[in-house]
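The chain contents come next:
Number of protein chains: 2
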Amino acid sequence: MQRAEATDEARPSAKWLARRETIVDTSARVIARGGYHGTGIAELCAANGLGKGALYHYIGSKEELLAAIHNRVMDEALQAVDRVRRSVERPSAKLAMLGDEQLAIISRYPDHVWVFLHDFHALTGERAQEFRRRRHEFEQAVEDIIREGTESGEFREAEPRLTALAWLGMYNWAYLWLHVDGPLAAHNVAHRFAEIFLRGIAGPAPDSP
Amino acid sequence: MQRAEATDEARPSAKWLARRETIVDTSARVIARGGYHGTGIAELCAANGLGKGALYHYIGSKEELLAAIHNRVMDEALQAVDRVRRSVERPSAKLAMLGDEQLAIISRYPDHVWVFLHDFHALTGERAQEFRRRRHEFEQAVEDIIREGTESGEFREAEPRLTALAWLGMYNWAYLWLHVDGPLAAHNVAHRFAEIFLRGIAGPAPDSP
Numbered sequence: 003m004q005r006a007e008a009t010d011e012a013r014p015s016a017k018w019l020a021r022r023e024t025i026v027d028t029s030a031r032v033i034a035r036g037g038y039h040g041t042g043i044a045e046l047c048a049a050n051g052l053g054k055g056a057l058y059h060y061i062g063s064k065e066e067l068l069a070a071i072h073n074r075v076m077d078e079a080l081q082a083v084d085r086v087r088r089s090v091e092r093p094s095a096k097l098a099m100l101g102d103e104q105l106a107i108i109s110r111y112p113d114h115v116w117v118f119l120h121d122f123h124a125l126t127g128e129r130a131q132e133f134r135r136r137r138h139e140f141e142q143a144v145e146d147i148i149r150e151g152t153e154s155g156e157f158r159e160a161e162p163r164l165t166a167l168a169w170l171g172m173y174n175w176a177y178l179w180l181h182v183d184g185p186l187a188a189h190n191v192a193h194r195f196a197e198i199f200l201r202g203i204a205g206p207a208p209d210s211p
Numbered sequence: 003m004q005r006a007e008a009t010d011e012a013r014p015s016a017k018w019l020a021r022r023e024t025i026v027d028t029s030a031r032v033i034a035r036g037g038y039h040g041t042g043i044a045e046l047c048a049a050n051g052l053g054k055g056a057l058y059h060y061i062g063s064k065e066e067l068l069a070a071i072h073n074r075v076m077d078e079a080l081q082a083v084d085r086v087r088r089s090v091e092r093p094s095a096k097l098a099m100l101g102d103e104q105l106a107i108i109s110r111y112p113d114h115v116w117v118f119l120h121d122f123h124a125l126t127g128e129r130a131q132e133f134r135r136r137r138h139e140f141e142q143a144v145e146d147i148i149r150e151g152t153e154s155g156e157f158r159e160a161e162p163r164l165t166a167l168a169w170l171g172m173y174n175w176a177y178l179w180l181h182v183d184g185p186l187a188a189h190n191v192a193h194r195f196a197e198i199f200l201r202g203i204a205g206p207a208p209d210s211p
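As they're listed, the protein sequences go chains F and L.
My numbering puts the first residue of the first sequence at 3, with every later residue one more than the last.
My numbering puts the first residue of the second sequence at 3, with every later residue one more than the last.
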């Protein structure tokens, strides 16, 4: 009973969480312009239309805000990984599916990804570990799919880690040029990238994509 | 005469230039750790074992230092572009050659590239324009080779710009994990990447790599 009550008390309202999400997104935009170290709390207060006390009420600390910006992207990326892992498709289709989701996420969160890639070094202790763990999980998922495809013969024999790094580069680099309202729609880009990459690693079997 | 004398006077000695290069490299290492805005002149003085006056004598200004860090990488990258442009090889071999040089540069200058990618927004005016112009020249060279290969039939018909962006991502992303003394030698990585990418974009002709 005691425990259930404590949990109830600790759970914030949907409204509070939605407000926090908006603050995280607005702050990501500001930090992407000025950098994590270059952006002060006063600037974040102004951008969010909040006093210092109210801002801290939602974000806890500046470093917690940075972790929240990372998590907004990583939550979605790891949900995509889960969907792909549960899929019964062949490795090539799984890789195409993950690439499609990855580019959709990057195009929705260009500022978050910018902050994520530029300022992850500013995370410390537990938060830095958590960030590394989650990033590793994503990268490992790519490597696992490649390994699976190599074992089934769908992909050519090669170092799976290096092949995963090639894949990650091709897709993640899009944070520099892919925007949701840009001329290159994420889905079209993903289609073309999958075509290049999957032909590039296809095994000799004629049924490869 | 007047002109020749002025030029002679303006040309720094080889020793001075070598000293400046060392300062640029040491500073790149410091800025890669602390960020451009997060690194003060005092810190750069300490790292280089120089007083403020001596440091400014070599670097001119902090922004000029940032431009010099960029140029150290871009000079080499554009020299590689020149070599590849003069080559009489087929487009596939040209792309492999450029990739090989690109990864060698990234592995030699991980700190410079880090600074380059994270802090190019801090360049202003003329220097920002010059940076954009040189980066565009490199990207355009990749696109030109792809266009050439598509026209000759060596590569499949596709959007050359998008294909160039895929190539740039695959290779440039290596700045996050490729180091000259790391377990993955640049040349081996370049070989594997070229294999993936060139198979990925190869035309239907049986003589493609």
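Wrong hints could be hidden among the right ones.
As the list claims (entries may be wrong) - Where chain F lies over chain L, by a calculated footprint (3+ residues, C-beta under 8 Å):
(1) 16-23
(2) 70-83
(3) 95-107
(4) 175-181
Stated by the list, open to error - Stretches of chain F that chain L covers, calculated by requiring three or more beta carbons in the stretch to come under 8 Å of a beta carbon on chain L:
(5) 45-51
(6) 101-114
(7) 173-180
(8) 193-205
Just so you know, these hints were derived from the structure itself, not from any lab.
Note that the structure is predicted; figures quoted are calculated from it, not measured.
The beta-carbon is built from N, C-alpha and C at its ideal position, and this holds for glycine as well.
- Hint numbers contradicted by this structure: Checked against the structure, the hints that fail are numbers 1, 2, 3, 5 and 6, while the rest are satisfied.
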